[in-house]
Amino acid sequence: MPERRVVSPEYMLFDAPREKKYLIGNEAVAEAAKRANVDMAIVYPITPQSEATHIIGDMYAQGYIRDYYRGEDEFNVMSAVAGAAMGGVRVFTATSGPGTLRAFEMFPVWAGHRLPIVCAFMTRGVNSPLSIQPDNIEIGWLADTGMLIFHAEDPQDFFDMTLQAYIIAEQPEVHLPVGVCVDGFFVTHTREIVELTPEDEMLPPYDPSVSPVVAMDMETVPVRHMKDPFVMKSNYISYNTHASWQQEVRAAAERARKHIYKYMGGPIEVTHPDAEIMFMTSGTAAAQARVAMERMRAEGIDVGLVKIKVIRPFPEKEIAELAEVPGIIIVPEHNITGWLAREIRSRVNNNSKIYSGPRVFGGMTMPPEVIVKETKKLLQAGVAV
Amino acid sequence: MEALKISPGFEKVMPQEYLELVEDGPYGRGLGVKDLGTFKELIEVHPLCAGCALGLSIRLILASLPNPENTVIVGTTGCNAILMPQVAIHNIHCLFGNQSAVATGLKRALRLRYPNTHKDVVVMAGDGGVVDIGLAPTMHSWFRREQFTTIMLDNEGYSNTGGQESGMTRQGVVVNMAPLGKKFPKVPLHEVAKVAGCAYVATATPARARRLGQMVRRAILVAREIGPAYVQIFCPCSTNYKFPPAESLKRAKETEITEYMVPEAKEWIERIEKGPKAEEVSNEA
Ligand SMILES: Cc1ncc(C[n+]2csc(CCOP(=O)(O)OP(=O)(O)O)c2C)c(N)n1
Ligand code: SF4
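Residue numbers (numbering that gives the first Met the number 0), protein chains in the order written: chain Z, 0 to 384; chain V, 0 to 284.
Bear in mind the hints are in silico, worked out from the structure with no lab data behind them.
Possibly wrong hints are sitting among the right ones.
Said to hold, decoys possible - Only pairs whose alpha carbons sit at most 25 Å apart, straight line, appear in this in silico DMTMM-like list of lysine to aspartate or glutamate:
| id | chain 1 | residue 1 | chain 2 | residue 2 |
| --- | --- | --- | --- | --- |
| 1 | V | LYS185 | V | GLU255 |
| 2 | Z | LYS232 | V | GLU255 |
| 3 | V | LYS193 | Z | ASP72 |
Quick caveat: nothing in here was measured; it's all calculated off a predicted structure.
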């Protein structure tokens, strides 16, 4: 391990020199964890995630990560990273599809306890029947846990968003967990050029004293919680305490918006905002939609693209404004439920112009031709433009 | 202990019982069960049922912590969780059954942050929380030789949800969800603990308070240096087993007190207990 030096988050994201490497997504996220100065990683195998956490294990062996172990299952891994975060250290973990569901009871706990855990979700199909193939149905379920949710398009996004996730998660006024999601296999196992910051530069260590819930270390006040605890009492004060706490968790996510603009350049990326036909999508569907857009523009059809990088807090104002212009909005997705189309529909004025599809799932790929074909079919059917 | 001190000028606005904790609490004083009644305890009042043996056991456990100023407790859902927020020590309620996983992460984090101090992590959970829903993380923490103490408050059933059968209910007993009587024997978790990797295993009762205190203390000291420790405390529940609360201690006596240590643990405990200041064990790592 080279001698490492601490650099500021702003320097790392905006000014640090970048070196080009040819990496798969699983390597890119591990490189991000290395630079994020993670104290502890607790992991459990599941395809397509495992390779990333093997590499992080090697980084532990080399001294980059201070503690690491394989837990007994995803629920207990997510519980153990919570315990570690409550103890005041910076943690990383990752899982996929069935692992996400096995662990689910913990995600609202992370948010409710205001733990700035970063978890990578390398999404995959859920059973039954058994599937290990790409499918991001789990992101729709994660969206209401209270966590911040980012959706990366490619290995470069995966690297950048993981670093951005730590920086935003640990802002004192935010202090929430972040799920950094990618479409399994399409990103985790695809090799692309990724521009990395220097290996010997890392983020400043986590400072548990900024946490809105005190670290459980008997060093931070108060050592006593309350004299008359509200837990399980049936009175107005207990209900109100619980209700206002939930509202505060959501308010903390709202306060993340300005940091999302500062550190991520905003929650969306827009190409041709004035187009007649708009693709609004996220993850690898955005990559495919970009190709579809370029092909259709070459044919003289006025198509634009909104890539949604942040699913929570959802960029509702930005999407509502953008949705005013086009005559039709097409939302391609890698899942059967169409959770992204549902999100968009519920935020725009005239939601009859939103078309959910093409939707592919169970491991199916989404060739740009499919998006082009579906779009042309809609146009021929005389959908208002 | 710095964490407990009151900032100058605030003494007047702090609640009375907090002032008492600062002035007369057990932090850093090496007190034990025998000193009860002479200091301000970590728990002042609690909302558990009258005569609750589990509440009494927690009171005794709290009085037996070798270094309360450097102890963090991990509880779980159940009757203990109703009491724990009132305890003047950092404690966690996370979810039902994940206490040993939380404790694993916590203990490792505290070791990274305070390499020169023993931060004792103590899991305290009901029998259902340990032996049923939380069995996997409990056993895996022992397999992995995680250095914390697990205490089971064994009231032989799920009390907090209205008296259902747990793995620790005795065979034949008719309780909720065992309408024909429990069909399999009480799980011998204290035996399982020995083969699963615990360096210290004890079964205790609040009816023998000083012995319970000694066991809890030994368990925590062994967990610091040698390996995982498990203490199982029999806490009969008058509310769900429907006996008069005044009988709790009489019933609590009806259990076997056992103690097991691996040779290294035995050596270590003998060294500490024969030392000149048996009550003031340093918690420097
Ligand atoms: C996942 C989950 N399942 C079930 C429950 C309901 N529940 C809460 S407390 C409890 C019983 C606790 O029993 P035990 O661990 O023996 O502790 P006791 O109350 O007897 O002290 C149950 C079943 C829950 N809170 N969470
Ligand atoms: S239900 Fe039983 S274990 Fe729970 S507080 Fe009452 S007496 Fe104690």
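Consistency of the hints with the structure:
1. V:LYS185 - V:GLU255: OK: LYS185 (chain V) and GLU255 (chain V) at ~14 Å, within 25 Å.
2. Z:LYS232 - V:GLU255: 36 Å, violated
3. V:LYS193 - Z:ASP72: Distance ~23 Å between LYS193 (chain V) and ASP72 (chain Z) Cα, so the pair holds.
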